[in-house]
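Please dock the two separately framed chains into a single complex, following the hints provided.
Going down the list, the sequences are from chains H and E. Using UniProt numbering, read the first sequence as starting at 1 and increasing by one per residue. Using UniProt numbering, read the second sequence as starting at 1 and increasing by one per residue.
The hints are simulated quantities; they were obtained by calculation from the structure and are not laboratory data.
Cut-off 27 Å, straight-line C-alpha distance, at most; resulting in silico cross-link-like pairs (DSSO-like, lysine-lysine):
no.	chain 1	residue 1	chain 2	residue 2
1	E	K23	H	K409
2	E	K106	H	K32
3	E	K32	H	K333
4	H	K363	E	K32
5	E	K129	E	K65
From chain E, some residues computed to sit far from chain H (all C-beta separations above 10 Å):
no.	residue
6	M1
7	F14
8	L36
9	Q40
10	K62
11	P115
12	L133
Glycine residues also receive a C-beta, built at the ideal position from the N, C-alpha and C atoms.
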Amino acid sequence: MNKTATDIANPVLDIQKIRADFPLLEREMNGKPIVFLDSAASSQKPRQVIEAMDEYYRQQHANVHRGVYQLSQEATDAFERARELVRAFINAPTDKEIIFTRGTTEGINLVASSFGRQFLREGDEVIVSHLEHHSNIVPWQLICEQQGASLRVIPVTESGEFDMAAFRELLSDRTKIVAVNHVSNALGTVNPVEEIIREAHARDIPVLLDGAQAIPHMKVDVQELDVDFYAFSGHKMLGPTGIGILYGKSKWLEAMPPYHGGGEMIHTVSFEKTTYAELPHKFEAGTPDIAGAVGLGAAVEYMMEIGPDVIGQHEHSLLEYATAQLLEIEGLKIYGTADNKAGVISFLVEDIHPYDLGTLLDKQGIAVRTGHHCAQPLMDRYGIPGTVRASFAVYNNREDVDKLVAGVKRAVNMLR
Amino acid sequence: MTINEIQDEIIGEFAFFDDWMDKYEYIIELGKDLPLINEQYKTEDHLIKGCQSLVWLHADEKDGKVQFTADSDAIITKGLIALMIRVLSDQEPADIAAADLYFINKIGLQEHLSPTRANGLLSMVKQMKMYGLALQARN
Ligand SMILES: Cc1ncc(COP(=O)(O)O)c(C=O)c1O
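Chain E extracted, bound-state conformation (with noise of 0.2 Å):
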């Protein structure tokens, strides 16, 4: 699937829920079942520190395609991540470092990726982009 078809699947998937609690359920199961990163890169260089929690990303290329792994110490932060790389991982450097990612907005998250909420996820979005932005350079 594109990146643009996998936010159209969430966004519909988030239409189910009219209650924030609801949403909320379902983030922190996203964030329960997030395949854990590889404690070896669980490292200082992996590490993006926002000021309210944590976030580890590592990515590898694989076939062309990049394929993030990431952890946070926060569980809804690591459920924000699973939908990231859910719509990320997989794909082409080309259309990563060029994504609109617009369901983040639909899905009525937008909060957490504000620079005052300081969660480290807006960093890692960037990274992600900054990875597709490099491979892409050099491929």
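Only chain H is shown next, with the shape it has when bound in the complex (with noise of 0.2 Å):
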């Protein structure tokens, strides 16, 4: 493969090197080499994760936390390990405040849920915006049925960015907690979560963010934002499926009833009474995904090592050159406008639907995503069925650029 011009301005960031490590991109789809530019919905895996989890396998599996022999506490060691390096990773005071769960809808459904129930009431309200994943409202709509709460929702601007203007005017008294993401996985706008912050703070409310898309391309230091609950997944951010990581302050989480009951996250148990056990394992009932945990710390281990801030200027600079090169095209639009976006670009091609624009770069080997993101509310917005969603991660290239502008070029020369 020819070295590009950005791989050569980059020399922070040796992306032959690394592309060597994700085995998946050495595949074919449809007979052709894969580019792959889906990392938004779940990211490729270097082989630093599956070896690590092969290694747990192989040399360190036990149940955690239970056992007085040796295989017992490594693996325990291993899966406490790993808990350190996220808590590093996002710079959290403490590693009590990190929970395990199985992703960011786990994370946010906890938090929904335990959050709800205690601090909900009738008459409450809950802002969200109108660029959430489903993830991100039907959690808050559950619970908000069940304590006879609302929810309020934050618009957005044509360029897809948060009209602040009528944030300020949903904050009222009523307002117990805001429940935004940071980076938007349909539009790739990176949110205001400072400013949603302070401004919420100032009230008293607490804010719980979805990270989901924004951990895997930037330095996130939740010490920094002051949030009060930040969740993501470890598979969009090189590792395994299956595992998460729910951030939360330790003067909520102390006030919020457990989630899920059962093992691990008892201190005493009786027919009249059971104590709960400490911060974080009140919130992790049952086996974990000890494997999972392991092969997430091997991932925040990796983007450690390049660092985030230049995967997010790799990323960015991708951005910039498919934003350009895919303007070109004639009747092409973009949805997303904002100055502050990471590696996503949604597009449509005239009235070409999305369907018919997805499946013919597929046939050229070229995976990107369609539809409407699990985003309903948001494509209805723009008044469109879904777009054309490329995203970006630390393996790709402007070869991967090229193909998919000669992709989309040679697609909308058949369906026009």
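Written out as structure tokens, the structure is:
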């Protein structure tokens, strides 16, 4: 493969070396070398992650937190080491505040359910935005319905940004929590979360951030953000599926009832009264995904070694390159035109259906996502059935973008 | 022609293409040529909602045979609809209900009938067969 301009201009990031870490990128799709541009849905995994999990199962596996024997202690150490890696990665003050979940969805459901049962009452309000993934809408609808509370929605502007004036008007004494995404999966907008948090905190309202699309692409420091809850998924940040993280401030986590009941999360159990374990175990009922945690730890190490900022810069340069190239295609419209965007481009070409474009890209070996991206309210807002979305990760290069652009051109010529 | 004769004819036509893009070029042409469903039938009760694309289907009976018309908002879906209609329209209800649609596998387009595609096509085929069954029962 040829080195391209950015690869050379960016000496910190040896893209060829990085690509070589991802075994899947060697395969073909429909007889063509794969161009993987759907990392926002789920990223590929470096061999370091795959090998860490393999090694764990071969050498270290036993149930955690239970055994007196050496092997169980080793498994527990591996599991807790992963927690510590994640803590350092997002700069949480203590690993008591790092809860292993199955992913972003479970993290948000946990907060909606536990926080909601404790703090939401009839007439209270939860603020979300029009830009949310369904997983940051539906859990709140469920708890609001149960508690007699209601959902208020921050509108978005044509460029795909929060209408901050409207947000300010929504904030009131009835607001009990604000839950928004850090980066939009459908449009790539990086939302002004610092401002949201500042304004909410001025009224003592906690904020949950859905960080699923932020954490793979930028340095996230939960203390600097002063965020109350931060949820993300391992599988979008080079880690395995089935594992994710919920960060929560102790003051909230202590005050919330457990989410799931079972083993691991108890202190003592009797039929009269059960007392719960300390954080974080209070929120980790049952045998956890130990191998998943180990894999996530390896993914964190991999990202730390490259540096989240370097990853972000690389993706940003791809985003700019792709935006410029795509806009040269006649009739192509990009949805989400905020100044501050992460590596996602959502677009349509004239009235060509995203399903048609996606199908023809697939046949050219190019993996993109088509449809509503689990953000139906947002698609309705634009009056479109969905978009074609290309998203970038650390292993993408300009050649991927060139192939995408050529692929779109070819497809459009066929469909016009 | 019987349903299977038409299927074999389509398989023969697709045998000429050895490239995916050529195959799709042809499907897109079929989609563009598909006679449009009468606008009056493009209503909610004729709509089959896929997650990725929408399909409208209307059935009529004429001289003991079923006439299908359909439409979609996606052109590739429309091209595949054109093939389905070519196979199943103007056939006896009993034959439609019993049809084994093997051509779609043979021409390598079965992925569009997978439930995970959610493009409305699979539901459309089910619906066509249901019409066949219902009319067969009535006659
Ligand atoms: C912004 C956002 N939130 C939440 C989710 C849900 O993540 P998961 O399915 O890993 O729980 C996603 C994934 O698509 C997402 O992009």
